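Trainee: What follows is each chain in one-letter form.
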Amino acid sequence: MTDTNQLPEDNVYNLVVVNAGTSNPSSTAMLAEKTRDCLAQTALEEGAELRVSVIELRDLRPEIGNGLVSGLTSPELEKANETIAKADGVIAATPVFKAEASALFSGFFQLLDRDALIGTPVILEATAGTARHALVVDGSMRSQFAYLRALVVPTSLFAASEDWNDPALTRRIRRASRELWLLMKSRFTRELRSKNWEGYQHDYGSANSGDDIDLNTDLMKLATGGSAI
Amino acid sequence: MQFGIMSVSDVTRNPITGETPSEAERIQAAIAIAKKTEEVGLDVFAVGEHHNPPFFSSSPTTLLAAIAAQTERIVLTTSTTLITTNDPVRIAEEYAMLQHVSGGRMDLMLGRGNTAPVYPWFGKDIRQGLPLALESYNLLHRLWREDVVDWEGKFRTALQGFTSTPRPLDDVPPFVWHGSIRTPEIAEQAAYYGNGFFHNHIFWPTDHAVRLVNFYRERFEHYGHGTKKQAIVGLGGQVHIGKTTQAAFEEFRPYFNEAPVYGHGPTLEQFSSSTPLAVGSVQQVIDKILTFHDSFGDYQRQLFLQDHAGLPLEIVLEQIELLGTEVIPVVRKEIESRRDPESADAPTHESLVNAKYGDEAPRQPRPAANRGDNVTGGSPYIDIAAGDE
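Respectively, the protein sequence lines represent chains A and B. The opening residue of the first sequence carries number 0 in numbering that gives the first Met the number 0; numbering runs sequentially from there. The opening residue of the second sequence carries number 0 in numbering that gives the first Met the number 0; numbering runs sequentially from there.
Think of the hints as simulated: they come from the structure by calculation, not from any bench. If you're wondering where the values come from, they're calculated on a predicted model, not measured in any experiment. Just to be clear, a hint being listed does not mean it is correct.
As the list claims (entries may be wrong) - Each computed BS3-like pair below joins lysine-lysine, with the alpha-carbon atoms no more than 30 angstroms apart:
| hint | chain 1 | residue 1 | chain 2 | residue 2 |
| --- | --- | --- | --- | --- |
| 1 | A | K220 | B | K332 |
| 2 | A | K78 | B | K287 |
| 3 | A | K220 | B | K153 |
| 4 | A | K220 | B | K287 |
| 5 | A | K220 | B | K227 |
| 6 | B | K332 | B | K287 |
| 7 | B | K123 | A | K220 |
Pulled out of the complex, with its shape left as it was, chain A reads as follows:
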């Protein structure tokens, strides 16, 4: 975001914005952008560089549909996997349809490498036409991210039509982005993965597991002539 090429790599943070908004202009994209700008401002004040990648799920709609029915991983989804696997922080935003996150959004995260988000701090955001959808973020989206073992920040962001006129939304955006920033800045993800990676179950070949294969498991012993008893 900022032109701070002189900064050492230690001061660089990768932010990934996943946006499932569909219309243009999109209130979902707008909420994600406001959060991103607020975070960038905070990072700038602390002399850090934020590198932002945006994943527009609308552009991935054929790949998401195909992936869900055929299991085929497209190069586009592979790239999204890699980008998210390297994120220091994620902003994940979706419109709400019929009291659920957009199927595009949940489908994308259903296809995502199961290990890509381990310990990654995430702000969950949703927009909707009515405040009746306010609990979607904490009631259903949060559980999907719990499954992915992501670290969802305490403040979720939800904006119904009327919230855009309310200064409280700006305050919530600031609160959530600071929560995210503190987790990013502490390098929590990096520390967790370096000190406790083997504490989690992994899929072979996943974006974050690299080539590590534990040869000392019971199954590996069984593979080499051992007994299952």
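Following the hints, complete the assembly by docking chain B onto the known chain A.
Mentor: Then chain B, alone, in the frame of chain A:
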């Protein structure tokens, strides 16, 4: 390097005529396809194992035995034999019998199977699929190498003084390929025993497949069976060949669109650009197959899925003809010119017999006079070298 055809044995409606072949027609077609595979100079015919419609192959050894009787040269194998829901004792018996009746022209590939309901049908628990596969092979390995086996494990009743009959042909067990797309434990088991490792390759990004194959190669070397380059690797693939690119796409598209495994998802164009599926002219198919060699290095066996998705027999036979006469001869030549002299040939019964006995006559087990049981220790066989009797 061996090239061959693998069938999943599906009975699928022909989307153009709207007709579904009968099981009888498809079973006869499989035999015709295998004979064609031999006739055009390919090396291997493989059939899968399934226990539910729309598949016909519940008894691969019976089908392969019939094919063995009607062919002379090709190697018959499976893609795959279910090491989870079959009793390893039955696998040992049935495939040893196939080995005898085919004169050693067989091997087999083991897999866990991907049809969840099959497990309970055979009294197994799918949650135990991987340990079941690993333990069952450990037993199978011994049943073919030890005349008398005492064994106990978690997933099957214990064996006391059990002899699996017939003993393998020439007392040389059938070669085994372990098939897996993403399970390091299976690759490890293949490496531990010095067996082959087969990656289906279809549907899966090549770099994932390469990673697992490389892991197998490293472990093969680790266990002292040879160098990484000498490890025995097989790959799956699929082609559809036309006079022109457009002709190939046009002919294959209606089948692809309706195929249970492909249809209603990515387009044929997407699929053929991002997976090993090769659709196009002879030259394009040759080029695509050679990219497998670029990615994986020297390998020993390449199987193609051809008869599926309701493709009528005449198109399948035509495809095999093109593959055998126009594509593979060029691929063979090119791969031979690139081949690292250190890499191994695909194992055959002859090469395994030679490795075990050299110039000596192979062991021919003959049962001793009937003792009524095998429990009293020692081998139930009298060893007389061939020609000595």
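Trainee: K220 of chain A and K153 of chain B were given as a pair; does the straight-line alpha-carbon distance stay at or below 30 angstroms?
Mentor: Roughly 14 angstroms separates the two Cα atoms, so the pair holds.
Trainee: Going straight from one Cα to the other, do K220 of chain A and K287 of chain B come out at no more than 30 angstroms?
Mentor: violated (38 angstroms)
Trainee: Taking only the CA atoms, is the gap from K78 of chain A to K287 of chain B under or equal to 30 angstroms?
Mentor: Status holds; Cα separation ~23 angstroms.
Trainee: Can you confirm whether the C-alpha distance between K332 of chain B and K287 of chain B stays at or below 30 angstroms?
Mentor: holds (15 angstroms)
Trainee: K220 of chain A and K332 of chain B: Cα distance at most 30 angstroms?
Mentor: violated (41 angstroms)
Trainee: Would you mind confirming whether the straight-line C-alpha gap from K123 of chain B to K220 of chain A stays at or under 30 angstroms?
Mentor: Holds. K123 of chain B to K220 of chain A sits at ~22 angstroms (cutoff 30 angstroms).
Trainee: Please verify whether K220 of chain A and K227 of chain B have alpha carbons no more than 30 angstroms apart.
Mentor: Given that 30 angstroms is the threshold and the Cα spacing comes to 22 angstroms, the pair holds.
Figure legend: structure checked against the earlier numbered hints; hints not met, in rising order: 1, 4.
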